[in-house]
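From first to last, the protein sequence lines are chains A and B. The working numbering applies: residue 4 is where the first sequence begins, and numbers increase by one. The working numbering applies: residue 5 is where the second sequence begins, and numbers increase by one.
Fair warning: there could be bad hints in the mix.
[What the hints assert, rightly or not] Straight-line C-alpha distance at most 30 Å; calculated DSSO-like pairs for lysine-lysine:
(1) Lys82/A to Lys93/A
(2) Lys127/B to Lys89/A
(3) Lys84/B to Lys93/A
Just so you know, these hints were derived from the structure itself, not from any lab.
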Amino acid sequence: MNVNIKSNGTYAVALLSGEIDHHNAKEIREKLDKFIISNQPRELAIDFRDISFMDSSGIGLIMGRYKLISQCGGRLIVKNPREYIKRVLKISGIERLVRIINDRI
Amino acid sequence: MEIINEVKFTMPSLSINESVARAVVSSFLIQADPSVEELSEIRTVVSEAVTNAIVHGYRNISGNIEMTVKLLKNREIYIKIKDKGCGIENIEQAMEPLFTTAPEEERSGLGFSVMQSFTDSLKVKSKSESGTTVVMRKKLKNNE
Numbered sequence: 004m005n006v007n008i009k010s011n012g013t014y015a016v017a018l019l020s021g022e023i024d025h026h027n028a029k030e031i032r033e034k035l036d037k038f039i040i041s042n043q044p045r046e047l048a049i050d051f052r053d054i055s056f057m058d059s060s061g062i063g064l065i066m067g068r069y070k071l072i073s074q075c076g077g078r079l080i081v082k083n084p085r086e087y088i089k090r091v092l093k094i095s096g097i098e099r100l101v102r103i104i105n106d107r108i
Numbered sequence: 005m006e007i008i009n010e011v012k013f014t015m016p017s018l019s020i021n022e023s024v025a026r027a028v029v030s031s032f033l034i035q036a037d038p039s040v041e042e043l044s045e046i047r048t049v050v051s052e053a054v055t056n057a058i059v060h061g062y063r064n065i066s067g068n069i070e071m072t073v074k075l076l077k078n079r080e081i082y083i084k085i086k087d088k089g090c091g092i093e094n095i096e097q098a099m100e101p102l103f104t105t106a107p108e109e110e111r112s113g114l115g116f117s118v119m120q121s122f123t124d125s126l127k128v129k130s131k132s133e134s135g136t137t138v139v140m141r142k143k144l145k146n147n148e
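Required output: the full structure, derived from the provided sequences and hints.
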């Protein structure tokens, strides 16, 4: 599992790679929270292009980061989930809170 | 139920075994040649059921989780995940979307909703202090 965050101070992108389940969600959560708290970005996009698997632990992960960044006055975006991950996201109804976009060419 | 092939294995309730269970079911299903989508769905429901056993069934204790996967006639997949943990007091409530007993761990309460969405049938049997058994069935499409 890898978390690679790039930021220009205002906007940030966290590129995740690997699989998201209950076992490794904690590690991702800690890295993202540390970044959000110390950098307070206006917008954080979590890029799922290299996530090959995600169960409902990923929903908890997104919801938790949504709450934290909202408290800090920022906005969360989910980018490039593959089709089946979109279906997991849809079950949660999270798209009502978090914008889901696709900018892969 | 006419069984073509089956695998049964037992694992301790360690969270690393969530990915081990997914790997086992993936390997077993190669013989049925499922679509990428079907394989993803089955891997997801196995992950949800095993995670439930670890996080909820064996919340403050450790124990074994037993997984059985069967390939049945007419391309039907049968999956059973069984634990001998604390059990679920109120199954109806546990199956309600967003209901969770572990919000502090950011559990979304959507495990059973995902299992229902990605399979054709889901049955949950549970007895307090005796454990929980989840049985899911899913028919694969013909891949001709």
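Hints and how they fare:
A threshold of 30 Å between alpha carbons decides the hint, and for Lys82/A with Lys93/A the separation of about 14 Å falls inside it, so the pair holds. With a C-alpha separation of about 25 Å, the suggested pair Lys127/B and Lys89/A falls inside the 30 Å cut-off, and the hint holds. Distance check on the hinted pair: Lys84/B and Lys93/A sit about 26 Å apart at the alpha-carbon level, within 30 Å; holds.
In terms of the numbered hints stated before, the structure departs from none.
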